[in-house]
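Chains X and P supply the protein sequences, listed in that same order.
Letter by letter, the first sequence follows residues 24 to 321 in my numbering.
Letter by letter, the second sequence follows residues 2 to 607 in my numbering.
Read the hints as simulated data drawn from the structure, not as lab findings.
Check the hints yourself; a few may be wrong.
Simulated crosslink set (DSSO-like; lysine-lysine; CA at most 27 Å straight-line) [what the hints assert, rightly or not]:
id, chain 1, residue 1, chain 2, residue 2
1, P, K351, P, K515
2, P, K157, X, K315
3, P, K157, P, K99
4, P, K450, X, K315
5, P, K190, X, K315
6, P, K496, P, K515
Which residues of chain X face chain P? A few of them, derived with a C-beta cut under 10 Å, are [said to hold, decoys possible]:
id, residue
7, A31
8, V75
9, S101
10, M169
11, K170
12, T174
13, G181
14, L183
15, W259
16, S261
17, M263
18, I273
In silico negatives: residues of chain X with every beta carbon more than 12 Å from chain P [claimed, not checked]:
id, residue
19, S77
20, P86
21, F89
22, S96
23, F134
24, T157
25, G159
26, Q214
27, D292
28, Q304
29, L316
30, E319
31, Y320
Please read these numbers as outputs of a predicted model, since none were measured by experiment.
In this text, a Cβ means the ideal position worked out from N, Cα and C, and glycines have one as well.
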Amino acid sequence: MPTATVAAPRDAKLYKPEIPPDWCPGCGDYGVLTVLQRACGELGIPNEQLMVVSGIGCSSNLPGFFKSYGMHSLHGRSLPVATGAKMANHEMTVIACGGDGDGYGIGQGHFIHAMRRNVNLTYIVMDNEIYGLTTGQTSPTSEPGMKTKSTPHGNPEGQLNPIALALAAGCGFVARGFSGDINHLKSLYTQAIQYPGFALIDVFSPCVTFNKQNTFGWFKERVYKLEDKGHNATDWNSAMERSKEWGAQIPIGLFYKNPNPKPSIDAADPALQGKGLATIQKLGLTAEQRKKLIEEYV
Amino acid sequence: MENEIQVGIGGAAGDGGASTADNLALTSARQGLHVYVYTSYQSLIRGGHSWIRLRISTQKVNNVNDQVSAMIALNQDSMDRHLQELAPGGICIYNGDKVKPGKAPEGVQLCPLPVFELAGKDALPIMQNTVALGALTGLLGLEFQSLSSVFEHTFKKKPQVVKANIDASKAGYDFAVKTYKKIANPLGKTPAKLAMVHGNNMIALGAANAGCKVYCAYPMSPASGVLHWMGAHGPSLGICVRQVEDEIGVANMTIGAGQMGVRAMCATSGGGFALMTEAIGMASIMEIPVVMINVMRGGPSTGLPTKQEQGDLNQAIGASQGDFQRIIMAPTSISDCYSSMEEAFNLAEKFQMPVLYLSDLLMSEGHMTAETSFLDREFKIDRGEMIFEDKGNGNYLRYKDTPSGVSPRAIPGIPNHLYVSATDEHDDDGVTISDVYTDPVTRKRVVDKRERKMAGVLAALPKPKLEGPADADTTIVTYGSTWGVVNEAVARLNKEGIKCNHLSVKYLVPFQEKEVTELLKGKKNIIVVEMNKGGQFARHLRAETGITATGHVRKYDGEPYEPKHVVAGIKEVLKGKKVVEAESVEPGWRTPHPPGPGVLSTSSAH
């Protein structure tokens, strides 16, 4: 399992390209990025062994600010793109990322199926409960009643619960972090990257410009760590119970980690044993393979 | 000497008509006879009606012919629908215990079979097909040995099934040969070594032979055959096969794989292709090679899931927002579906762009024979400028501005070549310019760089050519699957003294404007034959060359062209009609739809 190997730690600076992020000052995504650089350093993953794939949105600009191979793909499509990348070269560590609108709105269908499919990749959702890049409309995780540009009279719709959804969809690693607590977040990242299957980390990453409701302060007052409350992360039912908490107390940390994970789809696929497909340079059928296949038609 | 016959097998879905046709086709192929098979069927799993036409010949055949001369009616409905279509000298085989004969047309022999007596009272109902197939084998002059060897091959793990089939078919064979007259020109043999293939299998086998390593799809008729082949063979061939939640996911997953440096492909039909389109622009701006197959069927919307049409050319040309580079090509026959995969992958990788490959139901679901030597060929693999290892040269620019527009592509995983590919506009290093104040200089330069690749593509394409007498002043222009039937029609017209030739256009984008214009220069009549109502290809030809066709033959009733439709259409155009809309008028297509019992609508997936 190449992604689970812990190599000698590397300096987090090695993952910083020359180009600095251009997010708004104070954006939660800075923390998400910095921690990802530290986590990859801690695991000692060489830059060239990392493929970071995003969708579209403020947070999806992350690959441009992270020194590795990357794809800044289409709105909502980071997961199928990342899945294709993993299938093509399962030896690489693949990280998908994006925002709540990207992953839980337009990309919702892929989100559910990527978890059901159980591809070995880490999915970081920078969840700010708003559409930021389009200047502040309601998102699937916006709270009911929230006033935004698209819902000036208050959000009339319900709020999506990504944690419960992930648990229901069979995700083997379900966690929530907070961009305001970076050491805690780093430990979730390293665990997620090492988990041999699909790992979701929903990260509260406040939008300081367009979400005046769910601010850093708002989250700081409410979040508590599951591990401080003796939560058993191998128990799916208690994870489901905890996932329902929202309000005065909001849990962060590891909700669920499957203690007996089945092999991920890339590990189980007979075509993906051994070296990454992309590294195979002799292409095409052998004479014997071709002969056998033609035989079927005579 | 050409010797051929067209056989029809009619029955309800679930009656076993398809396997009867398969066995007849294989029996013929084993005698070196060329076969083309087209099935007209309903979107049902059980019931309804399906009509399979098999054209069997000592010469190569690429399309259905006009008339049927022999038929097996597996049920009463088939007898009622099709008996009147039989040509003089024809034969109609049916289970005399179950099916009542209609009034045979002049010179047609009714051949009832006493199936209970021949197969035994305890035989399974499906054995009527085997008895009928045996009888047909005898009356067509095929060797019984060829048929029995097909049973031995098909059921090789079940000796008792082989015996039951051989016994029943032999009983039918002997009875028919003893009781009825053989057709006037029995088919005989040729030395050709033939395989019985269909277009979707050719696309899949071609892709495998071209080194495809990742295949993604969502089920959709008539493209699902590619997925089925890949599902069955992928694991042992080292091809990763994923059935994805929708075609948006399919296209994006394929592109994700392509980015990593594998040859990746997906296939769908028009509705699924519509969902894929946003991603096509992504592949183009990120310069990722992928091959995307659209197996066209009758549209719009769900349209006719099991019928033929060339209606998606406009969609392919207009797919995805923005002004971008891609290749659109259309194979011209079932066997060309195989060879074209070699070309599609090479073009995609050499020029780092999506290749849109327009097959259609006619090719993808049609069956025909192909020489085994044609299939058994190593494909030439040309991956273009790729970097597979770190040579420590530093300063790598993924989107380097080069004279050809092609930038050497490093596959992710190599040290010192890091880059991020973005759907946002980007510079040579992949750094986005979408968030800067403005950068018209870079924008123009990178657009020009990508567009330069199209000149390279154009230079790499094989040149189009006229088929038939070059000096004819009438040229029939087509694209894609109508190649075979139009060639046959053109040959007939020339035989009748109407001099004409045929230009089949394989590459829709980039369009070989110069060559096509040159070939059509000075022609008095330029007649476009295509399969849609609006004349999409004629409009494309005009848009690309300024040439306005003088006449049009179109068909959009769901059934393929037969040579007679094309011949008659061209004659009418030459008499002055501007647009001829051909249709299939045989009684079999016209009988009222019987209420189907317990039918389950399905196979379309959309």
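Here is how each hint holds up against the structure:
1. K351(P) / K515(P): Measuring from Cα to Cα gives roughly 23 Å; hence the hint holds.
2. K157(P) / K315(X): holds, 16 Å
3. K157(P) / K99(P): violated, 31 Å
4. K450(P) / K315(X): violated, 44 Å
5. K190(P) / K315(X): holds, 25 Å
6. K496(P) / K515(P): Violated, because 31 Å separates the two Cα atoms, which is more than 27 Å.
7. A31: At about 16 Å, which exceeds the 10 Å cut-off, the nearest Cβ of chain P leaves the hint on A31(X) violated.
8. V75: holds, 8 Å
9. S101: Holds. Min distance 9 Å.
10. M169: violated, 27 Å
11. K170: Hint on K170(X): violated, closest Cβ of chain P at ~28 Å, above 10 Å.
12. T174: violated, 27 Å
13. G181: With Cβ-Cβ at 23 Å, over 10 Å, it is violated.
14. L183: violated, 18 Å
15. W259: violated, 23 Å
16. S261: This interface hint is violated because 30 Å lies over the 10 Å limit.
17. M263: Nearest chain P Cβ about 24 Å off; hint violated.
18. I273: violated, 30 Å
19. S77: violated, 9 Å
20. P86: Check fails; 5 Å does not lie beyond 12 Å.
21. F89: violated, 8 Å
22. S96: violated, 6 Å
23. F134: violated, 10 Å
24. T157: holds, 14 Å
25. G159: holds, 18 Å
26. Q214: It holds; Q214(X) is separated from chain P by about 24 Å at its closest Cβ, greater than 12 Å.
27. D292: Check fails; 6 Å does not lie beyond 12 Å.
28. Q304: violated, 6 Å
29. L316: For L316(X), whose nearest Cβ neighbour in chain P is about 6 Å away, the distance does not exceed 12 Å, so it is violated.
30. E319: Given that some Cβ of chain P is not farther than 12 Å from that of E319(X), nearest at about 8 Å, it is violated.
31. Y320: Incorrect as stated: the minimum Cβ-Cβ distance to chain P is 4 Å, not above 12 Å.
Hint check: violations occur at hints 3, 4, 6, 7, 10, 11, 12, 13, 14, 15, 16, 17, 18, 19, 20, 21, 22, 23, 27, 28, 29, 30, 31; the rest are consistent with the structure.
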